[in-house]
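Novice: Letter by letter, the chains look like this.
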Amino acid sequence: MIYRAEAAALMIFNPDSGITAMLSGQELTLLTEYLCTELRNEFINRLEELQLLPVEIDKAKILATIAVIPQVKKIFNSFTVPEAIHLDLTTSCPLACPQCYKAGHSEMIMPLEKFKAIIRQAQAAKVFQIALGGGEPLLVPNLVKYVETVTTAGMACTLTSSGFGLTEELLQALRDAKLHHLQISLNGATEAINSTSRAGFKEALSALELLSKQQLKFGINWVARMDNYFDFPKMVALAQHFHAENINLLRYKPVVQEEYQKFALTQEAFTWLQAQLKQFYGIKLKVDSAFSNLLCSLYQSGTNSIAAGCGAGRRFMVIDAAGRFKPCSHLKATTVAANLVEYWQNSTELKQLRKLENFIGEPCGSCSYLHSCRGCRAICAQQNIYAGETNCPAYAPREVS
Amino acid sequence: MFTYWQGYEIDGSSTAYNLIVPTRELALEVLRYFLALKIIDREAEIWLSFSKVNDPNKCQKKNFSYAASGEIDDFFLNPELNYFQLDVSCVHPKRLYPQVREELFQLTKTRPGREESSLQYKNPTISPFYAPNLEVSLEIYLGKPDVVIDDYQTEGLIFNEAVLLKNLSQPHFTIELVCGPAFIYEYAAYINTKLAARFPEIGIDGGIDCAGGFVAGCTYASNLYDYERITINTTAIATTIKDLLQQELLQFQKPSGKYGREFAACENLVLYYLDHAADWDELNLEGKEQIIKGILAGKQEFTPEEYQALVEKITTITLFNKVDFMHYTTCALKVGQQPAALTCSNEAGQICLEILVKPELREEFEQQLRLANIIVPEG
Chain A
1 MIYRAEAAAL MIFNPDSGIT AMLSGQELTL LTEYLCTELR NEFINRLEEL
51 QLLPVEIDKA KILATIAVIP QVKKIFNSFT VPEAIHLDLT TSCPLACPQC
101 YKAGHSEMIM PLEKFKAIIR QAQAAKVFQI ALGGGEPLLV PNLVKYVETV
151 TTAGMACTLT SSGFGLTEEL LQALRDAKLH HLQISLNGAT EAINSTSRAG
201 FKEALSALEL LSKQQLKFGI NWVARMDNYF DFPKMVALAQ HFHAENINLL
251 RYKPVVQEEY QKFALTQEAF TWLQAQLKQF YGIKLKVDSA FSNLLCSLYQ
301 SGTNSIAAGC GAGRRFMVID AAGRFKPCSH LKATTVAANL VEYWQNSTEL
351 KQLRKLENFI GEPCGSCSYL HSCRGCRAIC AQQNIYAGET NCPAYAPREV
401 S
Chain B
1 MFTYWQGYEI DGSSTAYNLI VPTRELALEV LRYFLALKII DREAEIWLSF
51 SKVNDPNKCQ KKNFSYAASG EIDDFFLNPE LNYFQLDVSC VHPKRLYPQV
101 REELFQLTKT RPGREESSLQ YKNPTISPFY APNLEVSLEI YLGKPDVVID
151 DYQTEGLIFN EAVLLKNLSQ PHFTIELVCG PAFIYEYAAY INTKLAARFP
201 EIGIDGGIDC AGGFVAGCTY ASNLYDYERI TINTTAIATT IKDLLQQELL
251 QFQKPSGKYG REFAACENLV LYYLDHAADW DELNLEGKEQ IIKGILAGKQ
301 EFTPEEYQAL VEKITTITLF NKVDFMHYTT CALKVGQQPA ALTCSNEAGQ
351 ICLEILVKPE LREEFEQQLR LANIIVPEG
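Just so you know, the sequences run in chain order A and B. The opening position of the first sequence corresponds to residue 1 in the working numbering, with each subsequent residue numbered one higher. The opening position of the second sequence corresponds to residue 1 in the working numbering, with each subsequent residue numbered one higher.
Keep in mind that the hints are not guaranteed to be accurate.
Said to hold, decoys possible - In silico DSSO-like links for lysine-lysine, alpha-carbon gap of 30 Å or less:
#1 B:K61 / A:K278
#2 B:K194 / A:K59
#3 A:K278 / B:K58
#4 A:K217 / A:K202
#5 B:K52 / A:K278
#6 B:K194 / A:K234
#7 A:K73 / B:K166
#8 B:K122 / A:K284
#9 B:K144 / A:K278
#10 A:K213 / A:K262
#11 B:K288 / B:K62
#12 B:K61 / A:K178
#13 A:K73 / A:K178
#14 A:K126 / A:K145
#15 B:K58 / A:K284
#16 A:K284 / B:K288
No lab work stands behind these hints, which were simulated from the structure alone.
With the sequences and hints as input, model every part of the structure.
Specialist: Next comes the structure, spelled out in structure tokens:
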């Protein structure tokens, strides 16, 4: 369990369940009273049932964290440190996917010692999650040691892969290292559909087959594009066949080698996909933060602006294989800083991103979903990073009172 | 404030979260907790009514057993859901676990004008002549958030008031708990109190009804303290009834008047809920009613011996729970000048004769019973 002091709030994260919570005001008082007096109440029962307060807790440690809260300086529109860090272990990958947004990078692997130094910083700052990616992380020598470094530091560790190189032995070793979740990238239920945007169909299926026979939680990353969106129902069936925990719907973002407009969902395709999402039960459907427009149009104002919308520089950041910092994997600019906390708290680039709503371009500026969406910065960066999304299929103009 | 979300960072490029948004997850958490409350009847069916955003006027219905209530989650999480209503029944006061019953009695202290009530009774119960309506509905419109209310005036029983006002001042969803006029105040207070303690981030307006704004005959007309139960230790039911009659401690009564709400003296015991059973329309009878009608075989009045035989026969019907048993064996009486009732309870196969009297008569009536050598447990 990680307990972190934020400005006027306590954050709790359970790495084993993936639940993050934020308490302030009366709820924080109730927790504090319980920790001091041991007198239970219904709210404490609830925290326990949500796995946010284990039965065996270090009360003194939590109280010490709560005591620090008044001294925490608020960061505008953000937490004081990231909830999660996306960390590229390598730029190398044996596949040459048509939609790869990292193509053309020189081959590089983050050295384990450098990785350990970053994880020490993250642990000290009380970052909750480390999401490992690449390149193809499964091919990184000593991958298990990278995972162990994260999990022994008490954080959640997840990994995204094409499935290339996953063997029964490696999977067992990753489980032993307490990897929390593995996500396999697959864009089609058939090789023909998958191959228009991704390579490695057989490897992905082989990985899913292996995963379906053991206990590690896993899911499928599916990028919605014009050449595969109609295949979504079959993808759901495939995911259910392999007992995947989720399908994560990723928004297609610009890449150098493809013409963006050709593959980005049209209004019609977006609406069709939205209708499909309402049909499926029995599997968790997730969306990436760039797809917040899909979430908003599904639930209108029901979304929570803390947990929804572009989280680049607000909830997460990226460290590439060279150890450089940036707000999101899809943004080009990188920054070199002394450490991740300094970057998170002092970077001019991140400060600007957090003020985005104040000067974002149209149509986002007049959209009723602005605060729970904020548009995808990687898509807008084709014009400029603070532009509005001109072809957003979910645009809903704010009512003028 | 308390908010939470579940999910791992699972993609190397950006964060991800469930399609189900926190607002709806919180409402689902409330729904699950509501269903798990100890006053919700696990033996009764749960009825679900819902409509979808694209066809809000078309209401669909579905029923679930309590054991299958987890299936309701799928309905609730569907983004197409516009309106959602869940109808459940609460446990009859006679079937409550003692600990829950005690908790309910303690809640009487929160009712304006009734603060001392719970202290004055030994074994209170609801009226034997008035069936409580124990159904309660949980309703929510999810299509669009409710409009902002900036100048809300609270009145009545309010929980988490600051949060209530804050939530109302921004787009919000309202979960409405609806109960009928014959619901029980303590049950409503129990639901409100438990939800308020569990969910400090939710404001609850219990309304003026909960604060004593209405009187009996309107909201919360069923009263946990209408009668006192006096249990008589005897296996010889018929003999004891005859003794009571002989010593003029009670008189038999039967329903009379245009609506059957008045009483008239009679020679034999008349089953209060069954005096017209012979006229019941077979086509509309449920299982339990069919069985009891069959047992009666057209008979309406019973001597004490016949009554004892009937009670023993009903004991063998496993379909009847303890509330059914008391319901069907209830006969109207008069004790002093007040209405009273005679009934039998069945606790694990042990039949007990019970006299239900108005609370103000209890002490005197118990003394009279003891003087007549009829054993009444102390306390």
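Novice: Next step is simple, just say for each hint if it's right about the structure.
Specialist: So, going through the hints one by one against the coordinates:
1. B:K61 / A:K278: 19 Å, holds
2. B:K194 / A:K59: Satisfied, since the Cα-Cα distance of roughly 25 Å is no more than 30 Å.
3. A:K278 / B:K58: Holds, because 18 Å separates the two Cα atoms, which is no more than 30 Å.
4. A:K217 / A:K202: Holds, at about 20 Å.
5. B:K52 / A:K278: Roughly 11 Å between the alpha carbons, so the hint for K52 of chain B and K278 of chain A holds.
6. B:K194 / A:K234: 44 Å, violated
7. A:K73 / B:K166: 24 Å, holds
8. B:K122 / A:K284: 53 Å, violated
9. B:K144 / A:K278: Holds, at about 17 Å.
10. A:K213 / A:K262: 38 Å, violated
11. B:K288 / B:K62: Status holds; Cα separation ~23 Å.
12. B:K61 / A:K178: Violated - the C-alpha atoms of K178 of chain A and K61 of chain B are around 45 Å apart, more than 30 Å.
13. A:K73 / A:K178: 34 Å, violated
14. A:K126 / A:K145: 20 Å, holds
15. B:K58 / A:K284: Holds, at roughly 28 Å.
16. A:K284 / B:K288: Outside the cut-off at roughly 44 Å; violated.
Checked against the numbered hints above, the structure breaks hints 6, 8, 10, 12, 13 and 16 and satisfies the rest.
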